[in-house]
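J.: Quick note, the sequences are listed as chains A, B, C and D, same order.
Here the first sequence stands for residues 444 to 809, numbered as in my numbering.
Here the second sequence stands for residues 444 to 809, numbered as in my numbering.
Here the third sequence stands for residues 444 to 809, numbered as in my numbering.
Here the fourth sequence stands for residues 444 to 809, numbered as in my numbering.
One thing to keep in mind: the hints can contain errors.
Taking beta-carbon pairs under 10 Å as the criterion, some of the chain C residues facing chain B (in silico) [as the list claims (entries may be wrong)]: (1) Ile509; (2) Thr519; (3) Glu594.
Pairs of lysine to aspartate or glutamate residues, derived as EDC-like cross-links and limited to a Cα-Cα distance of at most 20 Å, are as follows [claimed, not checked]: (4) D/Lys588 to D/Asp604; (5) D/Lys588 to D/Glu480; (6) A/Lys515 to D/Glu542; (7) B/Lys720 to A/Glu752; (8) A/Lys768 to B/Glu704; (9) C/Lys720 to D/Glu481; (10) B/Lys515 to D/Asp809; (11) D/Lys515 to D/Glu542; (12) A/Lys751 to A/Glu542; (13) A/Lys517 to A/Glu542; (14) C/Lys515 to B/Glu539.
No lab work stands behind these hints: they were computed from the structure.
Idealized CB from N, CA, C, for every residue including glycine.
There are 4 protein chains.
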Amino acid sequence: MGNTFGQLFKITTFGESHGGGVGVVIDGCPPRLEISEEEIQLELDRRKPGQSNIVTPRKESDICKIISGVFKGKTTGTPIAIIVPNTDARSQDYNEMVEKYRPSHADATYDAKYGLRDWRGGGRSSARETIGRVAAGAIAKKILKQIASVEIIGYVKQIKDLQSKVDPNIVTLEQVENNIVRCPDAECAEKMLALIDQIIRDHNSIGGIVECVARNVPQGLGEPVFDKLEADLAKGAMSLPASKGFEIGSGFAGTLLTGSEHNDEYYLDETGNIRTKTNRSGGIQGGISNGENIVIRVAFKPTATIGKEQNTVTRSGAETTLAAKGRHDPCVLPRAVPMVEAMMALVLCDHLLRHQGQCSLSGKFD
Amino acid sequence: MGNTFGQLFKITTFGESHGGGVGVVIDGCPPRLEISEEEIQLELDRRKPGQSNIVTPRKESDICKIISGVFKGKTTGTPIAIIVPNTDARSQDYNEMVEKYRPSHADATYDAKYGLRDWRGGGRSSARETIGRVAAGAIAKKILKQIASVEIIGYVKQIKDLQSKVDPNIVTLEQVENNIVRCPDAECAEKMLALIDQIIRDHNSIGGIVECVARNVPQGLGEPVFDKLEADLAKGAMSLPASKGFEIGSGFAGTLLTGSEHNDEYYLDETGNIRTKTNRSGGIQGGISNGENIVIRVAFKPTATIGKEQNTVTRSGAETTLAAKGRHDPCVLPRAVPMVEAMMALVLCDHLLRHQGQCSLSGKFD
Amino acid sequence: MGNTFGQLFKITTFGESHGGGVGVVIDGCPPRLEISEEEIQLELDRRKPGQSNIVTPRKESDICKIISGVFKGKTTGTPIAIIVPNTDARSQDYNEMVEKYRPSHADATYDAKYGLRDWRGGGRSSARETIGRVAAGAIAKKILKQIASVEIIGYVKQIKDLQSKVDPNIVTLEQVENNIVRCPDAECAEKMLALIDQIIRDHNSIGGIVECVARNVPQGLGEPVFDKLEADLAKGAMSLPASKGFEIGSGFAGTLLTGSEHNDEYYLDETGNIRTKTNRSGGIQGGISNGENIVIRVAFKPTATIGKEQNTVTRSGAETTLAAKGRHDPCVLPRAVPMVEAMMALVLCDHLLRHQGQCSLSGKFD
Amino acid sequence: MGNTFGQLFKITTFGESHGGGVGVVIDGCPPRLEISEEEIQLELDRRKPGQSNIVTPRKESDICKIISGVFKGKTTGTPIAIIVPNTDARSQDYNEMVEKYRPSHADATYDAKYGLRDWRGGGRSSARETIGRVAAGAIAKKILKQIASVEIIGYVKQIKDLQSKVDPNIVTLEQVENNIVRCPDAECAEKMLALIDQIIRDHNSIGGIVECVARNVPQGLGEPVFDKLEADLAKGAMSLPASKGFEIGSGFAGTLLTGSEHNDEYYLDETGNIRTKTNRSGGIQGGISNGENIVIRVAFKPTATIGKEQNTVTRSGAETTLAAKGRHDPCVLPRAVPMVEAMMALVLCDHLLRHQGQCSLSGKFD
């Protein structure tokens, strides 16, 4: 249970860090979409380890293979299975974790829940699971782009206390990919890089905030009351490893305003469309997209696995210490960017199909 | 679509602000639980309008009636339908909203999505919908309490910039209910009351933050990877009207720490149980409860409907202004407390049953 | 669990035979459909007890009330709750069933599963539950009719060994409603009536077969592989009380033919459409509708509750006998007709929306 | 959509006849079950082509590989992905089907629904898809056996008009596997073999009936009202390729009896357990298992693809004829046996977990 996401564009991920591989089955993909392994690979390469010297040095090429659901370059409407084999697994680095629980990691809770766990590389709790999400997200992005020219762009907004200045309304993918930290504020990115370098030397880790915008989202997506668009976005974001907080539009800061300051007043633009002057709503009102840009922020804690020695306990109930070996990200933020984008794309694509399912035939009633 | 929440303890709410009534169907409730309308009413009374002079003066007694699923005072395992009729609806207050869209409300987006809307009192987008959640939450709370002595306590943590001091590990329901603002920090509560009074006089509104703790939660609840416990809590919270942000444990502030500062080191308590010294994880690691207190915070924006005049547009595409009539909360926070508690209870109860479903038989394999 | 049916046009029923009432919540109904209580009532009247002297004499007017989801005569896209109160419940007739289990009824199994049961009138296992299905089915029928001129007509095909002759391709609703047994073969209907009269005098019961046809079903409905259209129809039919068998098209008799005899050869009709000469497929191939008439048959066993004395046991484990009091159908078939139609309509409507969700946007890819 | 089956023990299959392979992801499997590829292979070998001279001669070894979810020989509670590569695909045999629709096959309907199709070997509509079901069913069977000693045995009951005599209460797996037709009535099996031989020579095909029994099923499985145990069994069976009918217990023949003849009277066995003297209910009453043997029958039509020439049409709308090449089963029944068993096991295992989820904690309420 719990490994499936979405109602109509429905993905199921599988796989562990050091098992035979990781992957995803996408059920409900619209037929006749042109899609190739190369297009998916582009997104996976943004997520993969070893892509730069500020992420985990594990050397996985993360080459994806489409097993089913695509015929002569087009989706057939049947399940798309995508698999990425594991190749550079060094299980011996985790021998210590057979017994020792890493603080703030999933070791102890998996044992508590299931009575056993695959300790190699974190097993299922490894961020390697997100490969399936990013692969599926690549397809969701393409659907959204072809149907409605939707653009989804994520970036590092903040690392530790270093806050960048980025305008979500105009930021480009090129600006994001311009540096390895994926912060489009070049000046701030430099400081972030310096900070990460220091953290690597300290055998420590840091966290931060990813911001993600979706532009050109059609009006009308989102299903009140439980499947409000922001609720599904929150679930998607908070299901990512290491995430600790989610906000949309004005978010927590919005609580400091009065209603008259916070409300987004309506006006008619030059073409007569109903628009809002401000966007504290973050593109969603009453759980439904209003056509303005959807802007979310996701807080990621500092990576739990660190080289510094910490107090912990063993599986068999003895106190001990642990200075983790293995290869880990000092800061997950640069690699979290494509993950957040993927969750945004998956939620929007699912709701696009859901809206189509419920509402596209009503014209025949009028 | 979108009106059902939960997998095993599954609720479906229905009803509009001014229609025949609102209610909920609970499917999957364990049989043989003693439950009465009186117990459910206790929670509904904490949510109902008119309960004090700082909430909406609409006079709804919100008396619930159990239609099915309970026989001789006990749940039968079949669907429990609970209905609360609407009595004090003044649809005429909303005549203006037939045409005018309230800024930052759901009027425009419902029209965009469905092509029509029940404009009376906000229709389905009214917070009145949460009656069904709170009623179901009362049952979920009782199950959790009887099975595992779980305690769920929500309270107003912050209103606008007024921050209270509350220790989630020891706060009591009595302290929360001690004042009408539901802030257990009595001194801060006084200031909050004064602020709300001022806001009422200004025909304006304010928002804030609800914090909620669940204590004695069994280890092992939560389903990686998408249905992580915090992901479902986030979805539940962000599906509440007016919520703009969610965080668990250290939340957004946790991004300012390094890994060695943030990690919750393990130790063995006097009875040999594995515990964490700190609780920045907020009671969940790897998506699974670890037995520590679960602590979440939810940001609520200032109420969208205000008496102050604002710029807006009409349904037929003309610019206009609106100073809303109708009866509205100047600050939803006091009434949001039982709503957040309900979502916490619904998520935990659902995951308790889910965990039981997948894992309780594995002892036979050992 | 188990009280919800459908993925996009999703219904949840609730209620017991003698509780506060029975009803349904429909989630996902397309907006802007004109619908009235009167239209729904027409279908409920075909299902209700006491409608003729060959069905149970319980006097329930079964008047439905729409609580939500309809505004000014049109669906709003939000949940439609419909309730029918129970009025003529005579719980005292069931006093004996507090202890005694009716053979082939649900008394013993509900006790085994839940540890208790509402023994009044069969509680949740009463066919009264199907009111919610028939009410929702009325709406599904109207959607199908308005979108695609779909006609759904059920009728009694067989009672005990009395087989009627009916051509599903041309049978009309008028022919079905022409007699109280709902068998459009008037001659056979006479014999059936005589047989039922005899069975009533014998304090016994009989079963039979309902056949149901859906005409003008659009091509392309059904979702391989598990949600094949016939699979969902089978589930719908076999979830009706007293059903013991389901078949589509050639059904069990089709096993007696060879492939060359059984296959439906294709041809082009005068307008160039691809059609099949025969319809042993029953309108579905590979789980997907092919545009031919969908024809299903459902076997209903003789009513379990009979006046004749039978051997049974008590809840507390003693052997005894039971000659059931209470008011029961000597033959459920006439009232089963609208139930089977409802399940057909619910499945087709759900798959219409699902198909729309997945496939209606693909034109933009071409 | 439609490629997932089950609520708690949830499987998703993927793959086409001639693509990269076929497989399944099982989500929700209880942890700590010992399982090996060899155990799964045993069931796959019963399903695989080329196993005898009366089934399709396609030479697929159908070797399964567990990709995830099993660690050191035990399930971990995380998704189990199982893949079987395709090896002996001869796509050239299907060149004719690029244009020509096989009568009573899925070619035309897939085109109608999706606007394209993978014509190689039937693509997704190939019975090869059931590999994933049989693999998952092997695990479900083992769980049921270990938890409750459940035995599931299917067999060929009838081929064309050749009816066998088999007592479901005592039939053994050894008797079933004793001949290649999988009919435990040895005498009848001889006749069936002769008939199949004749049909092969005729380039024709035949169908028949598989009966399947589940013994030692715990009382209390099944979820009224829509997820009645027989409803989910019906859905499972009718989702198998080529199935046209389903019945449980007395089935269609039960309609010929009166209630007093049909009802299963209760008695107390020597140990005081409530039992039924007869089992026309087929082990299920009110949608819930009663502890008696569950007996179902599934009708399979004659294989649609035959070597005999038939009239058909082309994709581009011209009338033509087709004498199918490719390798096909003259009679699917022997290979359908493990498929029906798999669906029985999947449904029972899912409902075992569901029952555990809802009802196993209620003892704490008493």
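J.: Does each hint fit the structure? Answer for all of them.
T.: Hints versus structure:
1. Taking 10 Å as the C-beta cut-off, the interface hint given for C/Ile509 holds, the closest approach to chain B being about 7 Å.
2. Hint on C/Thr519 holds. Least Cβ distance to chain B is approximately 5 Å, under the 10 Å limit.
3. Annotation: C/Glu594 was flagged as interfacial toward chain B, and the flag is violated, the nearest CB pair being 27 Å apart, outside 10 Å.
4. Taking the CA atoms of D/Lys588 and D/Asp604, the gap is about 34 Å. The hint is violated against a cut of 20 Å.
5. Simply put, D/Lys588 and D/Glu480 have alpha-carbon atoms about 18 Å apart, close enough for the 20 Å limit, and the pair holds.
6. Only pairs whose Cα atoms come within 20 Å are accepted, and A/Lys515 paired with D/Glu542 is accepted, the gap being roughly 16 Å.
7. Of the pairs offered as hints, the one joining B/Lys720 and A/Glu752 holds, with about 16 Å between alpha carbons and a cut-off of 20 Å not exceeded.
8. Distance check on the hinted pair: A/Lys768 and B/Glu704 sit about 19 Å apart at the alpha-carbon level, within 20 Å; holds.
9. Restraint check: the Cα-Cα separation between C/Lys720 and D/Glu481 comes to about 47 Å, which exceeds 20 Å; the hinted pair is violated.
10. Annotation: proposed proximity of B/Lys515 to D/Asp809 holds, straight-line Cα distance about 14 Å (limit 20 Å).
11. For the hint pairing D/Lys515 with D/Glu542, the CA-to-CA distance comes to about 49 Å; that exceeds 20 Å, so the pair is violated.
12. Restraint check for A/Lys751 and A/Glu542: the C-alpha separation of about 18 Å stays at or below 20 Å, so the hint holds.
13. Restraint check for A/Lys517 and A/Glu542: the C-alpha separation of about 48 Å exceeds 20 Å, so the hint is violated.
14. Of the pairs offered as hints, the one joining C/Lys515 and B/Glu539 holds, with about 17 Å between alpha carbons and a cut-off of 20 Å not exceeded.
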